[in-house]
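K.L.:
Now for the letters of each chain:
Number of protein chains: 4
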Amino acid sequence: MEIAGIFPALTTPYYQDGSVAPDLLAKNIARYNRAGLSGYVVLGSTGESVMLSSSEGEALLTAAKEAAAPGKLLIAGTGAESTAATIAKTKRAAELGYAVALVKTPYYYKPAYKAETFIRHYRAVADASPIPVLLYSVPIFTGVTLDTREILSLSEHPNIIGIKDSSGVIQRVVEVASQARPPFKVLTGGAAVLYPALVAGAKGAILALASALPERCVAVYESWKSGRHAEALSQQQELAQASKIIVTEAGIGGLKYAMDARGYNGGVPRLPLPSPSDAKKQEIHRLVTELEHVAATV
Amino acid sequence: MEIAGIFPALTTPYYQDGSVAPDLLAKNIARYNRAGLSGYVVLGSTGESVMLSSSEGEALLTAAKEAAAPGKLLIAGTGAESTAATIAKTKRAAELGYAVALVKTPYYYKPAYKAETFIRHYRAVADASPIPVLLYSVPIFTGVTLDTREILSLSEHPNIIGIKDSSGVIQRVVEVASQARPPFKVLTGGAAVLYPALVAGAKGAILALASALPERCVAVYESWKSGRHAEALSQQQELAQASKIIVTEAGIGGLKYAMDARGYNGGVPRLPLPSPSDAKKQEIHRLVTELEHVAATV
Amino acid sequence: MEIAGIFPALTTPYYQDGSVAPDLLAKNIARYNRAGLSGYVVLGSTGESVMLSSSEGEALLTAAKEAAAPGKLLIAGTGAESTAATIAKTKRAAELGYAVALVKTPYYYKPAYKAETFIRHYRAVADASPIPVLLYSVPIFTGVTLDTREILSLSEHPNIIGIKDSSGVIQRVVEVASQARPPFKVLTGGAAVLYPALVAGAKGAILALASALPERCVAVYESWKSGRHAEALSQQQELAQASKIIVTEAGIGGLKYAMDARGYNGGVPRLPLPSPSDAKKQEIHRLVTELEHVAATV
Amino acid sequence: MEIAGIFPALTTPYYQDGSVAPDLLAKNIARYNRAGLSGYVVLGSTGESVMLSSSEGEALLTAAKEAAAPGKLLIAGTGAESTAATIAKTKRAAELGYAVALVKTPYYYKPAYKAETFIRHYRAVADASPIPVLLYSVPIFTGVTLDTREILSLSEHPNIIGIKDSSGVIQRVVEVASQARPPFKVLTGGAAVLYPALVAGAKGAILALASALPERCVAVYESWKSGRHAEALSQQQELAQASKIIVTEAGIGGLKYAMDARGYNGGVPRLPLPSPSDAKKQEIHRLVTELEHVAATV
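Just so you know, the sequences run in chain order A, B, C and D. Under our numbering, the first residue of the first sequence carries the number 52, and numbering increases by one thereafter. Under our numbering, the first residue of the second sequence carries the number 52, and numbering increases by one thereafter. Under our numbering, the first residue of the third sequence carries the number 52, and numbering increases by one thereafter. Under our numbering, the first residue of the fourth sequence carries the number 52, and numbering increases by one thereafter.
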């Protein structure tokens with residue numbers, strides 16, 4: 052299995068009454084199918100998975116599976132706090148047709164979680180999983196980090212195929228990409244460092260921002276892949292600015308608003324996640340419009 | 052409603068097959084009923100609530116409610132990441148006969164959670180809750196902290212009766228206890244600072260350690276309440292040492308082992324939570340035995 | 052040597068041209084001599100020691116020594132980044148008549164400083180010092196912390212008499228005060244937790260706030276010492292509020308302004324340390340005036 | 052003035068009696084002169100500047116100035132805690148013939164240092180300095196960080212020519228390099244991310260590791276400059292490994308030992324900085340020997 056290129060971390064649309072809207076997700080995917088993306092991540096952090104019930108999650112997995120074009124790699128977020136629950140969710144994702152399980156670190160009892168805790172947890176999940184496992188380290192949300200030594204140890208497992216590293220730490224990409232057992236792959240989770248991460252050895256990215264600006268993310272990837280470094284840097288500078296204004300400063304609420312501005316089904320996140328202020332909405336709208344204009348004239 | 056004294060944060064016992072064991076919880080409570088405790092906290096962090104399904108949680112709430120002696124104040128942990136899920140769990144706890152809802156901060160999307168996010172979340176929960184709400188700030192697990200200003204703002208709400216502050220920061224106890232709107236109360240979550248917290252204005256504590264050593268926790272409280280400061284300090288020093296060896300160094304696995312050593316139904320936590328090493332078990336066993344001997348000869 | 056009670060961390064006054072003003076320091080001390088303080092700390096963090104040349108420091112040490120009333124314990128800040136420089140400064144302080152050396156942790160190369168680094172450093176200093184050494188842990192400024200195990204190890208040294216712990220962590224006071232080898236003493240550096248620290252086993256405090264409000268700090272100490280706990284708590288609440296408004300929110304610039312407001316020689320700190328805004332000055336002035344009024348009417 | 056390429060952060064050699072050895076520094080530089088370096092940084096963090104007296108520092112500045120080959124850009128570390136002392140040191144460095152002042156952030160009173168504090172400090176220094184100023188952000192040692200907004204604001208000053216950013220955060224390189232006012236330049240301080248930083252917009256680096264392995268650092272730079280990306284990545288992987296084993300794990304003591312292993316005058320750092328263990332020394336020796344062999348056979 053080749054895991055490379057750009058994957059959007061899909062958002063979860065809701066109906067007006069607050070219930071999940073799998074059909075709106077399907078509509079988003081129908082459009083994403085033409086954007087040069089390598090596949091889709093459902094039920095990631097950006098998908099508000101920690102806010103969803105099991106049945107809501109399964110409805111979304113089912114809808115995304117049906118909507119995805121052939122050849123798109125389907126990745127399901129299946130991490131839970133307990134090892135047993137993680138395995139159960141992973142098996143269910145496999146049954147629903149998902150090719151890869153994205154498993155975030157357990158994190159609540161962080162003082163009790165040592166290197167060996169993470170290694171034991173991931174090995175148990177990978178042993179039991181019918182599909183390959185992608186590690187997921189997202190310290191900004193979890194407060195815990197998979198470090199190089201832990202990742203390298205886990206890269207030895209035949210059913211662990213890579214990591215989504217959302218730390219933004221490029222040193223770790225250099226270290227892991229050069230030392231992990233092939234075919235272990237590094238994907239970055241940071242749109243702000245996509246091009247540096249690729250240059251440092253990453254093979255692709257799973258990006259929240261790609262839910263609003265898939266073409267801009269893919270453009271950086273394609274420029275890098277074709278060896279057009281100057282163009283990649285220029286596109287990356289633009290992407291870093293967009294990532295800061297939309298995702299860093301306004302979170303999932305900002306990302307969903309940027310999707311609305313581009314004609315996707317964004318909407319509002321579940322509370323307590325905030326929606327952007329009116330001033331922020333205007334800034335996002337302006338930015339998205341400019342980027343579309345740039346894209347149209349290239 | 053008077054909320055004061057010592058409350059154990061109850062652990063969750065499991066059967067050999069890993070399923071929850073409400074009847075073993077009930078047996079623990081039957082013994083706790085004679086230990087001078089003010090009530091019980093079910094489904095707190097110590098109860099591994101983030102590892103439990105909704106139905107497992109309800110089974111435990113039901114069993115604890117039935118087992119608790121009359122007059123014991125019953126507190127249910129009902130915090131979830133979304134405001135709506137928190138409200139639903141809180142209403143369910145009220146239906147099951149719980150008197151107070153312990154609501155931990157949302158924490159996953161921490162970069163997006165500002166002071167006003169927490170305030171809006173808690174107000175919405177308190178507005179909707181049929182029972183009084185106790186705030187719960189536990190930065191060691193969540194990575195977020197309710198600060199003095201936020202707590203004071205929330206203390207204005209008539210259905211928010213206090214806070215369990217597990218930060219161990221005594222300065223905050225001083226500030227909140229003196230400035231919050233009566234009858235808002237501070238309970239500490241730190242056995243290592245129980246006596247200093249009481250002296251600083253706290254009215255009681257919710258303690259993991261009280262699941263293994265309820266009498267030693269109650270002793271500190273009673274000494275303080277009776278103005279026996281030298282005795283309280285001496286007991287506190289002993290408690291701090293026990294807290295460090297059992298809870299800080301060995302976590303829920305250590306606490307459950309200490310319970311086993313004292314004849315309660317402890318057992319092992321769900322994976323990936325670790326169980327103590329053999330050396331650690333011996334240290335805990337020795338400590339618990341010594342403390343019982345001390346208690347017996349007083 | 053008995054080290055107990057309240058010590059102000061003295062500020063450094065400057066003339067209009069920015070040079071140090073030892074005579075103004077002497078005038079402050081002449082007034083402090085009547086305030087019930089146990090002694091003085093010269094060249095601490097509050098004294099802007101990291102901004103002073105060696106000769107400036109010695110001029111201040113000399114002036115303070117001459118101005119201090121008989122019986123006041125004289126403590127000199129002598130910590131430097133290198134072990135050799137710390138020893139040299141400590142010897143010089145001893146020559147100038149100082150009774151105790153307050154030695155903050157080295158901190159610049161923090162990734163290289165392990166527990167054994169601190170222990171070796173402090174042992175070398177204590178071995179070479181003609182006067183007793185007081186450890187000094189001030190993580191808010193240095194980013195490093197002496198933990199309980201390190202402190203207990205160092206408490207074995209016959210020439211190390213105690214610690215000024217400015218972490219505000221009361222759990223460490225409980226642990227160290229009960230386990231350190233007598234006559235090792237704990238002094239707190241946090242005015243916001245003075246009374247809880249005393250109750251937890253501290254024998255006194257070295258406080259920036261005592262440069263502006265020595266009587267209010269001494270009052271808490273005396274109430275505690277006399278067993279008047281309710282009064283101590285009430286005074287502590289007032290002190291915590293003053294500490295927050297003056298020291299936490301406005302730093303050394305705020306403290307010096309509060310001194311001006313009380314008729315001491317405060318002045319402005321060296322740049323880049325900021326001075327309070329006009330609004331902040333008014334708040335400090337109002338607070339100080341209220342506290343004086345309270346004191347006068349008691 | 053063009054500031055680009057690789058600069059070693061020079062170490063400070065000592066004689067057996069612990070005094071500084073300017074002539075040994077000169078000997079090191081004589082050899083560095085043939086290694087493709089763009090210039091030298093004297094009195095940086097790696098030079099143990101926080102352990103040196105003023106006269107020691109000046110002796111080193113003088114020796115390095117005399118030893119440097121024509122055309123090498125000379126950079127002096129002149130940051131101090133106070134604005135006035137920083138200006139005085141900067142003027143002295145200019146008198147001694149240095150072309151650029153590397154000014155680290157003030158950091159001791161970090162709770163009092165806001166964005167405007169840093170901006171005011173640097174503007175005052177740059178206004179008063181006879182030579183251009185290079186900002187220096189090194190959070191691993193100082194605990195404070197210059198963020199993008201502050202850097203961009205300071206890039207407007209005509210006498211501030213760039214920043215040495217040792218944070219390792221590549222996102223900031225992307226942001227600053229694309230948005231700062233020309234000719235403001237970014238240099239990275241992280242050997243582990245040299246190539247990614249260059250690709251992200253940095254123009255060079257100031258590296259501790261370049262004191263032991265100047266040719267390996269220059270090789271990465273040259274490969275990148277010539278557009279040989281695959282070669283640059285391969286060399287970067289090797290450099291990251293060396294940086295981890297030598298600098299990250301063994302600090303200045305490890306770096307100096309690596310210098311000894313390569314025939315430079317390394318020696319031991321001042322206490323309390325530790326020297327590497329025997330096992331660590333063997334690991335460093337083996338690594339350095341391997342790298343030399345690789346270099347010789349290329």
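One or more of the hints may lead you astray.
You can't tell identical chains apart in this list, so a pair holds if it fits in one copy or across any two.
Derived pair list, reagent style BS3-like, types lysine-lysine, alpha-carbon separation capped at 25 Å [what the hints assert, rightly or not]: (1) 78 x 165; (2) 78 x 123; (3) 332 x 295; (4) 295 x 142.
Since the hints were made in silico from the structure, they are not lab data. Values in this document were obtained by computation on a predicted structure and should not be read as measured data.
K.L.:
Could you run down the list of hints and mark each one as holding or not?
P.N.:
Now for the hints, and whether the structure bears them out:
1. 78 x 165: neither (42 Å within a copy, 33 Å between copies)
2. 78 x 123: Answer is within; shortest intra-copy Cα gap is 16 Å, inter-copy 53 Å.
3. 332 x 295: Only inside one copy: residue 332 and residue 295 sit 14 Å apart there, 37 Å across copies, limit 25 Å.
4. 295 x 142: Neither: 36 Å inside a chain and 39 Å across chains, both beyond 25 Å.
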